[in-house]
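For the sequence shown, the residue numbers in my numbering are 1 to 144.
Where hints are given, some of them may not hold.
[What the hints assert, rightly or not] Distance windows between CB atoms, simulated:
(1) 129 with 57: 13 to 23 Å
(2) 104 with 55: 30 to 40 Å
(3) 102 with 136: 34 to 44 Å
Worth flagging that the hints you see were computed from the coordinates, not collected in a lab.
Computed from a prediction, not measured in an experiment: that's the story for all the values here.
Don't be surprised by glycine CBs; every beta carbon is placed ideally from N, CA and C.
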Amino acid sequence: MVGRKTRFLQSAPAWSMRLLVGLLVMAGGLGCGRGGPPTTHLEGRITVDGQPIKEGNLSFVALEPNRGRGSTANIAEGRYSAREVPLGRVLVYFNATKATGRTVIVSNTPVPEILSVIPEKYNAGMEIEVIEGRFQQDFHLVSR
1 MVGRKTRFLQ SAPAWSMRLL VGLLVMAGGL GCGRGGPPTT HLEGRITVDG
51 QPIKEGNLSF VALEPNRGRG STANIAEGRY SAREVPLGRV LVYFNATKAT
101 GRTVIVSNTP VPEILSVIPE KYNAGMEIEV IEGRFQQDFH LVSR
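Model the full assembly from the supplied sequences, consistent with the hints where possible.
Next up, the structure:
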């Protein structure tokens, strides 16, 4: 009985070492390569009737299954830069507002009137094809 216990204790460090090495090898593989769906970086200009949108945001939503969660980017002075935009067919939603300088009453409270600067026909979004290696995507929205 003592002999068995001694053999087990002597082999335990070797067994533990093998387990540790195996776990380290498996963990070393984590983080290697890109996990998840392929994405890219997009940037460009965004205008309405030729005028840069001062501020707002846009969202990129994949239309194809298993293409990722999408991406959102801020618009500043007519430009945007978006990271992790899904590749393939994507629906782009635009959001930008401006104050009119007037006040309106909402729930018996005066608040500044704010209107969307995005033409109504883009409320349902705009479909684009995001291609790997093409990083420039301008949006020239028109109100007519």
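Enumerate the violated hints, using their earlier numbering and listing them in ascending order.
Number 2 - this is the single hint that the structure violates.
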